[in-house]
Each structure stands twice: as C-alpha cells, then as structure tokens.
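Participant: Following the hints, complete the assembly by docking chain D onto the known chain H.
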Amino acid sequence: DAGVIQSPRHEVTEMGQEVTLRCKPISGHNSLFWYRQTMMRGLELLIYFNNNVPIDDSGMPEDRFSAKMPNASFSTLKIQPSEPRDSAVYFCASRNFYYGYTFGSGTRLTVV
Amino acid sequence: GESVGLHLPTLSVQEGDNSIINCAYSNSASDYFIWYKQESGKGPQFIIDIRSNMDKRQGQRVTVLLNKTVKHLSLQIAATQPGDSAVYFCAVTNSGGSNYKLTFGKGTLLTVNP
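Protein chains in written order, with our numbering: chain H, 1 to 112; chain D, 1001 to 1114.
Hints are computed from structural coordinates only; laboratory data are not their basis.
None of the hints are false.
Lysine-lysine pairs mimicking BS3-like chemistry, simulated, CA-CA at most 25 Å apart:
| # | chain 1 | residue 1 | chain 2 | residue 2 |
| --- | --- | --- | --- | --- |
| 1 | H | K68 | D | K1042 |
| 2 | D | K1056 | D | K1071 |
| 3 | H | K24 | D | K1042 |
| 4 | H | K78 | H | K68 |
| 5 | D | K1056 | D | K1068 |
| 6 | D | K1042 | D | K1106 |
| 7 | H | K78 | D | K1042 |
| 8 | H | K24 | H | K68 |
| 9 | H | K78 | H | K24 |
Okay, chain D solo, but in the shape it has when bound:
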C-alpha cells in the first residue's frame, strides 16, 4: 500500500525567510501530488498540486518540486509570513482507474516567528 511520510514534524522560521517542507512517498505508481495547508480549527486547504509529468510547478510564493527517482516532493514558501503558520500536508494518489483516494502524510507544523 501507499505510505507517505514527512522528514520534519516541526519547522520554525523567521518572518521573511524561505521555508522548505519535505515529503517522501513509497508508491512509484503515484502520479498526482497535492500540498494542503491546515490552520487550527479548519479543514485542509489546497495550496498547489503537481502531476508526475512535471518536476516543478510554481504558484504565488509557493513552489512544489517533484523528484520521482527518489520519490520525494517538497514545498517551498518564499518570504514566509506569520499567516503561513499552519500544518502542511502532502497528499498523493494514483489517478489510474477509478481510484482517486488521497493518502496523506502526517503533517509538518510550520511556525513563523515575527
């Protein structure tokens, strides 16, 4: 089965610094990857996604990098702000057939110090 892990359970950064959150997955058949942000008392909120035919995708202040060779993806947040403080989850799925269920990592708590 699929397992998804995170290298660091907590990350503390200074406001304005760049943040990097890592995620490893085990199933080489995984072809769709999503990063979610979860603030206290709220549901996971979509940040950015990437498909397996890409190595990099950029959004507003966020970049996701995918390394299929080592089954690793990362989320980079530029100029981290206090509002970025939250738990970040990676989620993976194999979109083949009818199986679209996401498998989530355990999460990384990002704390941004002013």
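The following block holds chain H by itself, in its conformation from the complex:
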C-alpha cells in the first residue's frame, strides 16, 4: 500500500496565480480530508468528503478555495487566485470506516 499520495510536494507560485493540489487516497478508504497547517493556527480542517460527496466545507477560508472529488481515487484542492497568506502545508488524509486516518506527506505551498 503506497499510502495517501499528494502532489506536488512543493509549489512556489506568484500571487494571483491558480494553484491546484492533488491527492490520491488509500484504496478502500471512503472518507477524505483536506487540512492546512501553519505555525500560527496549527492543523485546520478545510473540507471533508464521504463517499466522494462534500460533507463539511465550513473550514474553507474563502471562495477562492474549492475542492472536488470526482471519484474515489482522486481529489483536488484549488486556490484561485492565490495570495501570500495562503502559504502553508496542505495535507490530505483518508479514512476507512474503522477510524483509520492516514495522512499524506503534504504539499508545501509558497505564494510570493
């Protein structure tokens, strides 16, 4: 099992550009979570999906953020337009019914 796979590992972009982060959950896991980690705020839940359906997106900071899960094996988190304050590490995690949360290695986003 390759675990939760995120890409890219690092992303540097200019303010105003569109950024797309990608996640492949563990096969068989029916829930997927996007978290953002910063020194100031720690780990914050942005959105989570259950069986590919968004259940709670109350953590998405602004309309600039959007997430999709077109199928059970792929999800994207998009920021458009990006701003310097979006700089953070973004983690994807997946879970099966038996509470097995597994995190990916994260995408470090820097917006300059």
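Facilitator: Chain D in isolation, oriented as in the chain H frame:
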C-alpha cells in the same frame, strides 16, 4: 465547538527517560482520541488511539491514558529515544452520526537529548 489544547508546547528529555505529553479537550461528547507524531517535513503519523469506553491503552513503548472526568488524555513514551524527537499532536472526534472530523491540538515539540 471543540477545542483541544496542550499543557506544554515543548518538552526536553534525556535519552532513556520516560516522556509524558498532555492534552485537554473541551467537548464531553468526544469519544475517540488519537495521538499523532509529526517529524519534520512529513505528515502526521498515527501512534495510538483510544475510545471513550477505555481508560488506558498500551502499545509498543507508548501508553495513552484517558480521564473523561476532567477531559484529559496523556501520551507516555517509555525509554525515550532520539528517534522519538518530533511534534506530537492529540486529536479528538465525536464519532456519532456522520461527523468523523478530527480536531487537533496545537502540538508539543519533544526533544530527546542523547
């Protein structure tokens, strides 16, 4: 809402000593608790979990204690090794209904001195 806090932001111990990391939570409805370890440049890694019907659970060199009365849990690491140096997070959730989202504490940085 849920809030999760940690009593100590940093902890420095000598190799071979036992480490104790504490965590307080606020929502009495929380019934599932997880400890994660995060090394630099990596995602949080599962260490051990405990459900609210238990007070104690042991793993390899780690023990989690849960005190529901005061809404407190702790992670004990026996014979701490340099490889244990990392940030440790507690996470809690209420598994009732369809809400399985985790709320994380701010983290404790554990430094093990050789």
